[in-house]
Amino acid sequence: MQHLIVVWNASPYIFGGSCVTVGIVVLALALGLMLGVPLALAQVYGGVLARRCAGLYVWFFRGVPILVQLFLFYFGLFSSLDLPINAFFSSCIVLGLTSAAYQSQIFRGAILSLPSGQFKAGRALGMSDACSVRCIILPQALRLSLPGWANEFSILLKDSAICFVLGTQEIMARTHFVASRTHEHLALFMLAGLLYFLITLAGLTLLRRLENALSTPGYAAGGTGAQ
Amino acid sequence: MMETPVLCIENITLTLGGRKILDQVCLDIQRGELKVLIGPSGAGKSSLLQCINHLVRPDSGIIRLEGEKLDAANTRALCSFRTHVGMIFQDFNLFDHLSAEENVAIALRKVRGFPRRAALDRALEELGRVGLARYAALYPAQLSGGQKQRVAIARALAMDPKVILLDEPTSALDPELVGEVLAVIRELAKAGMTMLMATHQMDFARALANEILFMEHGVIVERGTPEELLRPDAVTRTRDFCAKLVV
Chain Y
1 MQHLIVVWNA SPYIFGGSCV TVGIVVLALA LGLMLGVPLA LAQVYGGVLA RRCAGLYVWF
61 FRGVPILVQL FLFYFGLFSS LDLPINAFFS SCIVLGLTSA AYQSQIFRGA ILSLPSGQFK
121 AGRALGMSDA CSVRCIILPQ ALRLSLPGWA NEFSILLKDS AICFVLGTQE IMARTHFVAS
181 RTHEHLALFM LAGLLYFLIT LAGLTLLRRL ENALSTPGYA AGGTGAQ
Chain V
1 MMETPVLCIE NITLTLGGRK ILDQVCLDIQ RGELKVLIGP SGAGKSSLLQ CINHLVRPDS
61 GIIRLEGEKL DAANTRALCS FRTHVGMIFQ DFNLFDHLSA EENVAIALRK VRGFPRRAAL
121 DRALEELGRV GLARYAALYP AQLSGGQKQR VAIARALAMD PKVILLDEPT SALDPELVGE
181 VLAVIRELAK AGMTMLMATH QMDFARALAN EILFMEHGVI VERGTPEELL RPDAVTRTRD
241 FCAKLVV
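If you're matching them up, the sequences are chains Y and V in order. Quick note: the first sequence uses the numbering used here, first residue 1, plus one each step. Quick note: the second sequence uses the numbering used here, first residue 1, plus one each step.
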């Protein structure tokens, strides 16, 4: 009974952390999308320099642990440059930059999976390469990327828990704070786990609906083939 | 005085991986002519068609459209050239995420700058011309191969091309669907559309071509009217090749 009372009393405070967690994930995904698309385009269509730069970026952010990056950016780079970026936005930026590296590979795979004739047909109609990419390639590649992107969402959501090391007041930080004072670790972390599970479920359901809404008629959702 | 050819190709040469794909190919097409390229697989027919609008960049050679030399290094000039030279691909290359109507309208909007409504109206008109007006809302995955190729033809026609290049437009189709595509091309030829077509449809070539060009090893080895090359007593490479085709 004691466990339930502790959980009941702490739940509004921990639920509040869900909003912070969702905020981190949404902003990081958006930053990852904004950087991931140009990175993918640079890797597929760019010249040698663009390909090298994009490759270096992906190599760095996939190769260095997120925990190291959080410390590197928050206590290192942002502090030494005197940038007034708080723990929440530092978490969003670091997770966003890392996610961009992973998202770029999802988009790159999707672009490469399109038949080369699509780009050729755009050119043959007099479209510039930029127009062919914008009007023909990206609308198809982004649709194909949605299943992989949903995967990236669930990974990012779980990675966001590590942001508690900067003092970001998300689910993990708040649960840890309450648990260290009440010593009800089992019940409280079960609640935290349940919250992550529910947010994942809601996000994936939403993305599945988006995938269905955007699927091309005549193809199964996810572009797996003609019906 | 001889009229300026719509399309004039001089000494197109293409080398890929050390192998000569096209060797000093020359040809010209007058307004309203239908010229047919035939030859065995690997002869360079598709490469020639793709070199003409620089989808594959030739090593050397000159391409003139209505007497004006193409400056392929100038991107704007190249895009403008391509709007005047329609291209029909063997495997259709329709944009899978767009309906038939949008497939035809997209270049009108993005290249010609048509407003959306006007582009869709024009697209519907072109789809009507190939007998597909009632399929306008369907997507490529919902169309048969023959219908897809007719949409591709409508898409090329919508740009008001001065010449259309057709790269084996029926070779990816089931035999029963070939007729509907050839019927559309036949109508275009009768309406005076200038076309250069790679095909193995010899009956079609015999009936409609102004000239047959026989390609082998990247060179046009024979050229002449269908009567000259295909008459029963002709001793030509073209006739020899046609005799081996399974009809």
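Misleading hints may appear alongside valid ones.
DSSO-like mimics (lysine-lysine), calculated; alpha carbons at most 30 Å apart, straight line [as the list claims (entries may be wrong)]:
#, chain 1, residue 1, chain 2, residue 2
1, V, K20, V, K69
2, V, K162, V, K69
3, Y, K158, V, K110
4, V, K190, Y, K120
5, V, K162, Y, K158
Away from chain Y, derived, C-beta distances all over 12 Å, residues of chain V [to be verified]:
#, residue
6, T83
7, E125
8, R134
9, P140
10, E216
Keep in mind the hints are simulated off the structure, nothing from the lab. Where is the CB? At the ideal position from N, CA and C, for every residue including glycine.
Hints and how they fare:
1. K20/V <-> K69/V: Holds: K20/V and K69/V sit about 24 Å apart, inside 30 Å.
2. K162/V <-> K69/V: Status holds; Cα separation ~15 Å.
3. K158/Y <-> K110/V: violated (42 Å)
4. K190/V <-> K120/Y: holds (29 Å)
5. K162/V <-> K158/Y: violated (58 Å)
6. T83: violated (3 Å)
7. E125: Holds: least Cβ distance 17 Å, greater than 12 Å.
8. R134: holds (16 Å)
9. P140: violated (7 Å)
10. E216: holds (25 Å)
Violated hints, in rising order: 3, 5, 6, 9; the structure is consistent with all others.
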